[in-house]
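Participant: If you read the sequence shown in numbering that gives the first Met the number 0, its first letter stands for residue 0, the second for the next number, and so on.
The hints are simulated quantities; they were obtained by calculation from the structure and are not laboratory data.
Please note: incorrect hints may appear among the correct ones.
[As the list claims (entries may be wrong)] The calculated label-pair distances, taken between Cβ atoms and stated as ranges, are:
{"no.": "1", "residue 1": "ALA53", "residue 2": "SER11", "range": "52 to 62 Å"}
{"no.": "2", "residue 1": "ALA194", "residue 2": "ILE161", "range": "30 to 40 Å"}
{"no.": "3", "residue 1": "LEU206", "residue 2": "LEU52", "range": "52 to 62 Å"}
{"no.": "4", "residue 1": "SER200", "residue 2": "LEU96", "range": "45 to 55 Å"}
[As the list claims (entries may be wrong)] Result set (DSS-like, lysine-lysine): computed pairs, CA atoms no more than 30 Å apart in a straight line:
{"no.": "5", "residue 1": "LYS15", "residue 2": "LYS189"}
{"no.": "6", "residue 1": "LYS209", "residue 2": "LYS174"}
{"no.": "7", "residue 1": "LYS209", "residue 2": "LYS189"}
Idealized CB from N, CA, C, for every residue including glycine.
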Amino acid sequence: MGYFLDPALLESAIRKAETGCGAEFAVVSTRASGRYNSVTGPVVLAVQGVTLLALTLAEKTDVWGQWHWLQDSQSSVIILLCTGLVAFLVLWFWPRLRVWLAPSREKAAQVREAALAVFADAGLACTSHRRTVLVFVSELERRIDIVVDMGLREVFPEHVIIELEKEWSARFRKKTHSATIASLLDHLAKTVAGAGFGPGSLSAQELSDKPLQR
0 MGYFLDPALL
10 ESAIRKAETG
20 CGAEFAVVST
30 RASGRYNSVT
40 GPVVLAVQGV
50 TLLALTLAEK
60 TDVWGQWHWL
70 QDSQSSVIIL
80 LCTGLVAFLV
90 LWFWPRLRVW
100 LAPSREKAAQ
110 VREAALAVFA
120 DAGLACTSHR
130 RTVLVFVSEL
140 ERRIDIVVDM
150 GLREVFPEHV
160 IIELEKEWSA
170 RFRKKTHSAT
180 IASLLDHLAK
190 TVAGAGFGPG
200 SLSAQELSDK
210 PLQR
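The whole structure should be built from the sequences, with the hints applied where relevant.
Facilitator: Structural data, given as structure tokens:
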């Protein structure tokens, strides 16, 4: 599945987690949660600004030598347009760079929005028991987002979810991806069981154990 996760390991981890508590788990991965096109304009302008500064300094210091023809205004405009186009194309064909340049707050918001959309679109909120936990993994943002259904809101209040996402996203960036997700599932299952939703408290499993790719 996906680009970086081991489907067999995760399916086994999901099955183990569900055996140990009264909840269902889903793991969904995506390459990127947003396009982050908002960074393109500022970056292109910044590159052109640096180019203009370099042209101005070159003109004042007379470093062009045999390339003196580059000093005229028409050539400068062409150079600015070309550097802007190159910057645009690099950002367009290299999404990892756009993600890296995007503000952290925007990345967190995009991942959260994508996770909520998956939770709704994949029918994870339609189980009869309403005790489903989604672990949403976004590769390029290197973030984990956790969504819980209403039946587990008291077990995982918002502040707990935020702390879990911070902690496990940090682990995700440092360790083997699939093993980290498997450990997170085990931790979540133990928390659910410790809150009184032990094995056998669900009448039936309604979701597939297979991890999904978005």
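Participant: Between LYS15 and LYS189, does the CA-CA distance stay at or below 30 Å?
Facilitator: holds (11 Å)
Participant: Falls inside 52 to 62 Å, the C-beta gap from ALA53 to SER11?
Facilitator: Check passed, 56 Å falls within 52 to 62 Å.
Participant: CA of LYS209 to CA of LYS189, is that 30 Å or under?
Facilitator: Distance of about 20 Å is within 30 Å: holds.
Participant: So does SER200 sit 45 to 55 Å from LEU96, Cβ to Cβ?
Facilitator: Once the Cβ atoms are compared, 47 Å apart, the range 45 to 55 Å for LEU96 and SER200 holds.
Participant: Can you confirm whether the C-alpha distance between LYS209 and LYS174 stays at or below 30 Å?
Facilitator: holds (22 Å)
Participant: State, for the Cβ atoms of ALA194 and ILE161, whether the hinted interval 30 to 40 Å holds or is violated.
Facilitator: At 18 Å between Cβs, range violated.
Participant: Tell me if the beta carbons of LEU206 and LEU52 are separated by a distance inside 52 to 62 Å.
Facilitator: holds (57 Å)
Comparing the model with each numbered hint stated earlier shows that hint 2 is the single one that does not hold.
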